[in-house]
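Q: Below, each chain spelled out in residue letters.
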Amino acid sequence: MFKFISPFAKVIAIAGALIATIAPLYWIFILSTQDPAASFGQPKFFYHPNFSAFSTVWSDRDFIAATRMSIATGLFTVSIALLVTIPAAYILTKRQVRRKSGLLGWFFVAYLFPDFIIALPLYSVLQNMGLYDTAIGLALAYQGFMAPLSMWLLMAFFKTIPEELGQAAKIDGCSEWVTLRRIYLPLIRPGVATVAILVAINVWNEVTISLALTSSNPTVPIVVSAYKGYAALRWDQLSAAILLSVIPVLIFSTLAQKQIVRGLTEGVFN
Amino acid sequence: MWRTGFFTVLAVTFETTIGFALALLVHKIGRHAGWVRSILIAPLMVSGIAVSLTWKIILDPTIGVLPRLLGHLGIDHLNLLGDPKIVLTSVAGLDTWWQTGFVFIILSAGLQALPKDPFEAAQIDGASAWKSFRYITLPLMLPLIFIVAGIRSIDCLKLFALVYGATGGGPGQSSESVQLLAYRTGFKASQMSMSMTMLVIYVFITALAVVCVLGIARWRRRHV
Numbered sequence: 068m069f070k071f072i073s074p075f076a077k078v079i080a081i082a083g084a085l086i087a088t089i090a091p092l093y094w095i096f097i098l099s100t101q102d103p104a105a106s107f108g109q110p111k112f113f114y115h116p117n118f119s120a121f122s123t124v125w126s127d128r129d130f131i132a133a134t135r136m137s138i139a140t141g142l143f144t145v146s147i148a149l150l151v152t153i154p155a156a157y158i159l160t161k162r163q164v165r166r167k168s169g170l171l172g173w174f175f176v177a178y179l180f181p182d183f184i185i186a187l188p189l190y191s192v193l194q195n196m197g198l199y200d201t202a203i204g205l206a207l208a209y210q211g212f213m214a215p216l217s218m219w220l221l222m223a224f225f226k227t228i229p230e231e232l233g234q235a236a237k238i239d240g241c242s243e244w245v246t247l248r249r250i251y252l253p254l255i256r257p258g259v260a261t262v263a264i265l266v267a268i269n270v271w272n273e274v275t276i277s278l279a280l281t282s283s284n285p286t287v288p289i290v291v292s293a294y295k296g297y298a299a300l301r302w303d304q305l306s307a308a309i310l311l312s313v314i315p316v317l318i319f320s321t322l323a324q325k326q327i328v329r330g331l332t333e334g335v336f337n
Numbered sequence: 003m004w005r006t007g008f009f010t011v012l013a014v015t016f017e018t019t020i021g022f023a024l025a026l027l028v029h030k031i032g033r034h035a036g037w038v039r040s041i042l043i044a045p046l047m048v049s050g051i052a053v054s055l056t057w058k059i060i061l062d063p064t065i066g067v068l069p070r071l072l073g074h075l076g077i078d079h080l081n082l083l084g085d086p087k088i089v090l091t092s093v094a095g096l097d098t099w100w101q102t103g104f105v106f107i108i109l110s111a112g113l114q115a116l117p118k119d120p121f122e123a124a125q126i127d128g129a130s131a132w133k134s135f136r137y138i139t140l141p142l143m144l145p146l147i148f149i150v151a152g153i154r155s156i157d158c159l160k161l162f163a164l165v166y167g168a169t170g171g172g173p174g175q176s177s178e179s180v181q182l183l184a185y186r187t188g189f190k191a192s193q194m195s196m197s198m199t200m201l202v203i204y205v206f207i208t209a210l211a212v213v214c215v216l217g218i219a220r221w222r223r224r225h226v
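Protein sequences appear in the order of chains A and B. Residue numbering for the first sequence follows our numbering, starting at 68 and increasing by one per position. Residue numbering for the second sequence follows our numbering, starting at 3 and increasing by one per position.
Source of the hints: derived by calculation from the structure; they are not laboratory data. The beta-carbon is built from N, C-alpha and C at its ideal position, and this holds for glycine as well. Check before you lean on any hint, since a few could be wrong.
[As the list claims (entries may be wrong)] Some chain A residues near chain B, calculated using beta-carbon distances under 8 Å: (1) Ile89; (2) Thr275; (3) Val313.
[Said to hold, decoys possible] Chain A regions said to be covered by chain B (calculated; three or more residues, Cβ under 8 Å): (4) 82-88; (5) 171-185.
My request is simple: use the sequences and hints to build the entire structure.
A: What follows is the structure, encoded as structure tokens:
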């Protein structure tokens with residue numbers, strides 16, 4: 068296929084795309100390792116790398132607190148989402164449920180909503196419950212988006228498992244709960260891992276809801292954007308903060324890449 | 003509202019075109035496909051805020067590297083994020099850098115799932131490469147392209163993190179998106195009800211647009 072494009076042009080085009088993708092990240096790395104004062108406000112191309120900006124950011128108390136907050140929120144969000152959606156997805160795929168398409172349609176509508184339409188009412192709800200500005204409150208708020216996401220993906224994964232397994236278990240006298248736990252759960256473990264990874268990455272990167280629902284305990288992206296204030300002078304620290312916020316996700320997602328690609332495509336095809 | 007719409011149209015067009023082109027190019031390159039693919043989807047994993055700040059540094063007129071390189075080429079004082087006339091286009095460019103990987107990976111998976119027979123049949127009938135692309139690949143991929151563009155449009159209409167980080171809505175209001183405006187009205191100006199009203203109206207308009215698009219898609223499927 069596509070012999071009408073010469074192989075040479077093809078290589079050039081792909082290389083161009085690769086460079087365009089990598090160059091910005093690489094430039095940020097260069098910036099984070101040089102001292103702005105030493106380079107007189109103009110970043111240099113050749114220099115001695117200097118990692119002091121990283122240690123400055125890493126010893127910043129706000130940054131550490133935000134990292135803790137983000138990790139806690141991520142853990143809570145993933146656990147709640149999985150606890151709720153695994154049984155739900157199981158029942159919706161393996162049993163006859165009335166008004167199923169309406170139910171699934173509603174999940175799609177939830178995706179249409181701008182984030183703030185969920186964040187603003189929750190703002191007052193969480194304040195009344197005393198959960199405003201806490202990791203649990205934030206994790207509960209995220210369910211509005213993460214539950215539909217994990218629901219779609221899990222249903223796609225459940226569909227790949229043949230019906231007969233569950234029926235056989237039932238004949239042997241297993242209850243629904245035992246069937247789910249003993250038969251299905253071990254089989255869809257890769258699916259569950261995919262969902263957990265995708266939800267965790269989404270939560271780590273999310274900014275809208277956390278901006279609305281936290282004040283003194285912000286998450287990582289918010290703290291990073293706070294460095295913007297000194298962008299003109301301390302771009303080494305700003306870049307280091309960007310990299311520190313990005314690197315965990317990049318490493319994590321590279322390791323889990325096959326799973327992620329599978330998750331994304333399963334989600335769209337089904 | 004118009005600004006968000008303009009941004010969405012621009013960004014989705016870029017992303018879908020580039021994403022599809024890349025998917026076609028990378029399809030069947032064999033041995034190297036793995037790492038090429040991982041690099042191309044790397045930006046997806048970066049948060050919107052980090053993307054916007056990264057590009058803010060790169061495009062900054064005094065310390066940014068891109069204006070400086072362009073300066074050597076004779077294009078001076080290009081302020082991509084500071085000029086009200088082009089700022090939306092620049093933000094759409096950022097979104098393209100960020101999200102093209104999404105279009106790319108979904109369409110690649112789609113290409114791999116295409117049936118082989120029609121292509122073999124076409125080859126036997128002596129169809130040119132271009133013809134087999136135009137009359138087989140494109141029609142088969144169209145539904146998927148449509149879905150991906152739809153998902154991206156919905157995401158783009160919710161534009162927030164990029165403008166929040168890169169421009170703060172400025173200069174003036176020239177890059178303010180609906181969500182940013184709602185955030186400002188609700189939290190900074192403490193007019194929650196006003197902000198909610200804006201968003202609810204906005205949801206209705208978005209939903210209407212989605213229903214229209216789905217309607218057109220269904221109508222097309224019936225008539226083609």
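Q: Decide, hint by hint, whether the structure agrees.
A: Results of checking the hints against the structure:
no. : hint    : in the structure
1   : Ile89   : 6 Å, holds
2   : Thr275  : 5 Å, holds
3   : Val313  : 5 Å, holds
4   : 82-88   : holds (count 4)
5   : 171-185 : holds (count 8)
Hint violations for this structure: none, all hints satisfied.
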